[in-house]
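Trainee: Here's the letter readout for the chains.
4 protein chains.
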Amino acid sequence: MTDESVLREKLATCTRIFSMQGLLGLFGHVSAYDPKSGCVFISPGMGKDKATLKANDILAIDLTGRPLEGPAEPPVEWPIHTTLHAARSDALAVAHLHSPYATLYAIARREFRPVTLQGALFADGVPLYTEAQLVKTVAQGERLVKLIGHRRAALLRGHGIVAVGRDLEEALFASLILEDDTRKAMQAAALGELEFFSEGECRAFATEDDWRRRAHRAWNYFAQLEARWDRQPATGAGPLA
Amino acid sequence: MTDESVLREKLATCTRIFSMQGLLGLFGHVSAYDPKSGCVFISPGMGKDKATLKANDILAIDLTGRPLEGPAEPPVEWPIHTTLHAARSDALAVAHLHSPYATLYAIARREFRPVTLQGALFADGVPLYTEAQLVKTVAQGERLVKLIGHRRAALLRGHGIVAVGRDLEEALFASLILEDDTRKAMQAAALGELEFFSEGECRAFATEDDWRRRAHRAWNYFAQLEARWDRQPATGAGPLA
Amino acid sequence: MTDESVLREKLATCTRIFSMQGLLGLFGHVSAYDPKSGCVFISPGMGKDKATLKANDILAIDLTGRPLEGPAEPPVEWPIHTTLHAARSDALAVAHLHSPYATLYAIARREFRPVTLQGALFADGVPLYTEAQLVKTVAQGERLVKLIGHRRAALLRGHGIVAVGRDLEEALFASLILEDDTRKAMQAAALGELEFFSEGECRAFATEDDWRRRAHRAWNYFAQLEARWDRQPATGAGPLA
Amino acid sequence: MTDESVLREKLATCTRIFSMQGLLGLFGHVSAYDPKSGCVFISPGMGKDKATLKANDILAIDLTGRPLEGPAEPPVEWPIHTTLHAARSDALAVAHLHSPYATLYAIARREFRPVTLQGALFADGVPLYTEAQLVKTVAQGERLVKLIGHRRAALLRGHGIVAVGRDLEEALFASLILEDDTRKAMQAAALGELEFFSEGECRAFATEDDWRRRAHRAWNYFAQLEARWDRQPATGAGPLA
Numbered sequence: 051m052t053d054e055s056v057l058r059e060k061l062a063t064c065t066r067i068f069s070m071q072g073l074l075g076l077f078g079h080v081s082a083y084d085p086k087s088g089c090v091f092i093s094p095g096m097g098k099d100k101a102t103l104k105a106n107d108i109l110a111i112d113l114t115g116r117p118l119e120g121p122a123e124p125p126v127e128w129p130i131h132t133t134l135h136a137a138r139s140d141a142l143a144v145a146h147l148h149s150p151y152a153t154l155y156a157i158a159r160r161e162f163r164p165v166t167l168q169g170a171l172f173a174d175g176v177p178l179y180t181e182a183q184l185v186k187t188v189a190q191g192e193r194l195v196k197l198i199g200h201r202r203a204a205l206l207r208g209h210g211i212v213a214v215g216r217d218l219e220e221a222l223f224a225s226l227i228l229e230d231d232t233r234k235a236m237q238a239a240a241l242g243e244l245e246f247f248s249e250g251e252c253r254a255f256a257t258e259d260d261w262r263r264r265a266h267r268a269w270n271y272f273a274q275l276e277a278r279w280d281r282q283p284a285t286g287a288g289p290l291a
Numbered sequence: 051m052t053d054e055s056v057l058r059e060k061l062a063t064c065t066r067i068f069s070m071q072g073l074l075g076l077f078g079h080v081s082a083y084d085p086k087s088g089c090v091f092i093s094p095g096m097g098k099d100k101a102t103l104k105a106n107d108i109l110a111i112d113l114t115g116r117p118l119e120g121p122a123e124p125p126v127e128w129p130i131h132t133t134l135h136a137a138r139s140d141a142l143a144v145a146h147l148h149s150p151y152a153t154l155y156a157i158a159r160r161e162f163r164p165v166t167l168q169g170a171l172f173a174d175g176v177p178l179y180t181e182a183q184l185v186k187t188v189a190q191g192e193r194l195v196k197l198i199g200h201r202r203a204a205l206l207r208g209h210g211i212v213a214v215g216r217d218l219e220e221a222l223f224a225s226l227i228l229e230d231d232t233r234k235a236m237q238a239a240a241l242g243e244l245e246f247f248s249e250g251e252c253r254a255f256a257t258e259d260d261w262r263r264r265a266h267r268a269w270n271y272f273a274q275l276e277a278r279w280d281r282q283p284a285t286g287a288g289p290l291a
Numbered sequence: 051m052t053d054e055s056v057l058r059e060k061l062a063t064c065t066r067i068f069s070m071q072g073l074l075g076l077f078g079h080v081s082a083y084d085p086k087s088g089c090v091f092i093s094p095g096m097g098k099d100k101a102t103l104k105a106n107d108i109l110a111i112d113l114t115g116r117p118l119e120g121p122a123e124p125p126v127e128w129p130i131h132t133t134l135h136a137a138r139s140d141a142l143a144v145a146h147l148h149s150p151y152a153t154l155y156a157i158a159r160r161e162f163r164p165v166t167l168q169g170a171l172f173a174d175g176v177p178l179y180t181e182a183q184l185v186k187t188v189a190q191g192e193r194l195v196k197l198i199g200h201r202r203a204a205l206l207r208g209h210g211i212v213a214v215g216r217d218l219e220e221a222l223f224a225s226l227i228l229e230d231d232t233r234k235a236m237q238a239a240a241l242g243e244l245e246f247f248s249e250g251e252c253r254a255f256a257t258e259d260d261w262r263r264r265a266h267r268a269w270n271y272f273a274q275l276e277a278r279w280d281r282q283p284a285t286g287a288g289p290l291a
Numbered sequence: 051m052t053d054e055s056v057l058r059e060k061l062a063t064c065t066r067i068f069s070m071q072g073l074l075g076l077f078g079h080v081s082a083y084d085p086k087s088g089c090v091f092i093s094p095g096m097g098k099d100k101a102t103l104k105a106n107d108i109l110a111i112d113l114t115g116r117p118l119e120g121p122a123e124p125p126v127e128w129p130i131h132t133t134l135h136a137a138r139s140d141a142l143a144v145a146h147l148h149s150p151y152a153t154l155y156a157i158a159r160r161e162f163r164p165v166t167l168q169g170a171l172f173a174d175g176v177p178l179y180t181e182a183q184l185v186k187t188v189a190q191g192e193r194l195v196k197l198i199g200h201r202r203a204a205l206l207r208g209h210g211i212v213a214v215g216r217d218l219e220e221a222l223f224a225s226l227i228l229e230d231d232t233r234k235a236m237q238a239a240a241l242g243e244l245e246f247f248s249e250g251e252c253r254a255f256a257t258e259d260d261w262r263r264r265a266h267r268a269w270n271y272f273a274q275l276e277a278r279w280d281r282q283p284a285t286g287a288g289p290l291a
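Chains as they are written, first to last, in our numbering: chain A, 51 to 291; chain B, 51 to 291; chain C, 51 to 291; chain D, 51 to 291.
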């Protein structure tokens, strides 16, 4: 396989894993950028079934959002992906998800702070994008890029999240950990005050290499599950994602 | 197929999608009105399995609740449907559901206000019907019609919801979004104060055409899932719907 | 089939429906009493898989707990069943369940009051049995009988529930409604004060005949689902029941 | 089969049961110690699919963490297991899990106290290990051993739990009960103050023999479910475990 076809396969797998985990379905999309060709590969938008997505359902656009193959339109929020890919060499993969729990932090008036050890991945914080609109223009995308800075993720008010990685493994891991940490914060809050990890504790918890290794192991784990997944919609599933 | 048989098929599909999503099961029913023939098509009541519903399980009644074919009785709350169909030309489809989360807003003493961007669909609010009874008479139905006014949905105290649309796609989308927004409000409330979207923000978020397009894309998405659904009851499902 | 074999089949079905709904599994048992023969049929205790239960897994005991067939011991809490069957002619069916949500009312310091219209079934209240023990003796069973009085159900502190009916249909319906009402109360409480239904509203909501009809329709509904259930354990299910 | 092969089979089954119950997946591992051979059998770490684990996926290490067969590395937190096995003759089985609900107690600032009758198993309390690190060294393991003392379990701050037993049946039961009790506490807290069981009530509730018998019955129950489990990942499952 060429590099490109490998990347398309991986992106389709990543999309199906997110679908399996309930983080992407009606809404949400994932992209991977190939700086050599200038090509952005991106999963399709709202009407498409993500659990059964194949490599040839992946769309290719350039950094201006122009479709590179045929007439199929990318998701309306393509500027989330292109502006981040253009701005950061460590954002070769970008996930935009309506994650059921992480989105709640973007609804409750609370700053994100990690409550789990793995949440230390977000030692630098997760800023909140407050505009009451989809990110449909390059100008909006650039404001989001500026807000995120060098961080791994942002919350979109009443909407969802954006997470980035140097590869799809890292973007998957960051998204899963953000969802898990915010879920636990939300559920534990019923019992009383939360115990957060300080920035110092977060930094002491793991090196960049540790995170990278964990992201790749997590990919292996979820790819095994996805390979044997029966692709059934979760009956009575609940949250739209 | 005739228009009528197309509508029956669509109504059966819509009922099965609601069943798959855990919004309709033991309780709840959906209707579609054909103004040309004066015929109201409606899904059956309490005893019937909704996950396996076929077009020929759909009942036909007139606007007075009289069965138009054979002796089968419509659901006891048929006046919800007939009064809305009669009163509003933009309510050709009506869903009455015991949605697990939306019903909670009708239990907690709080006015509905959207916390998600998609919840902007309900910029006009979602009024609460407070009578401690099923809606079994035309008089009750008319009070509900008056309460809803031009709005897209109402909450029924300790009971469920009613959502309307110009077609089944719109009624499905409105019901799913209302459930998702109220779920997120309920879950985020554990963490602190909620951040609502103002009426102005809601109106600026999308045009009527945007909503219509989204509703039709969402229908396509869920129809694909429903077509490959194994129809298993969700083991340990929990909330009665 | 004889009356007895019909009753055994129905009891096995009822146990499997409870298992499907996540209300009975490791813990919990259901019984039906035949006053003519003095025989109590009861589902087996802790070690047995309830999702696959057959009529010939049902045990028969007399009102003193003595096994009527072979050496198989009934569940250790058999006095819950025998004392209720002996004391009340309207308690021919008795369910003891570790219902995930109803049990929470027996943990939080709050009196049960219905928040849903269907919860009006419990207009007479649901008293709390406070002893910190399993109900393993006739004396305990009799204290529980006295506590329940003429009511349809009781909560067992930090433990579970007991619900009764004139037949298994009624005991199933009462258990499902109690679980659903308490679940909704618990979830809605996150948003603020709850809106309860008054005793008067509850009594006005339905007649005894209405309840009976609903119970039988609900049985039909769930029996259809159970008949096509694949009997899979709910992966990641969570609450022990 | 030899004792060793029986133990490996049992450990694989125990791991799969935890996976089925949503308590072990990406994270978590279980071990069993054979004091005669000095061999610690342990399930593998992060990258491996636990739902399909076989006896020959089990690793063998000695009490210093050295692999006894081939080059495969044990999970990085092996000191949790070896230090407990070495220190306590009643800790022949050790589970380390990222249990979704029990972990919440280790996030909310609250001391664990049981709210369910079965939670009386933890009459001695469940102490909290507060270090913001994985337990990767023998020194950390020994601090954890000291903290636990003679107790059955500990909470690891923002991380997970450790539970011990004289055999895998007991470690499984303790883990399931801890998860269930903490889940119920968390969910009931939404409704108001919790009603805990006092230490005296806990001790009066059951003898050591009662607990042992229950643990073995619970194992039988879950082993039956696991044997017919289709091993599907729980679509939209949510919490990472």
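One thing to keep in mind: the hints can contain errors.
The list makes no distinction among identical chains, and a pair is therefore deemed to hold if it is satisfied within one copy or across any two copies.
Taking lysine to aspartate or glutamate pairs in the EDC-like style, the calculated list, with each CA pair at most 16 Å apart, reads [as the list claims (entries may be wrong)]:
1. Lys98 x Glu276
2. Lys60 x Asp217
3. Lys186 x Asp260
4. Lys196 x Glu119
5. Lys98 x Asp112
6. Lys86 x Glu54
7. Lys196 x Asp259
8. Lys60 x Glu119
9. Lys60 x Asp107
10. Lys86 x Asp140
Derived from the structure by calculation, the hints contain no laboratory data.
Trainee: Against the structure, test the hints numbered earlier, and report the numbers of the ones violated in rising order.
Mentor: Those not satisfied are hints 4, 5, 7 and 8.
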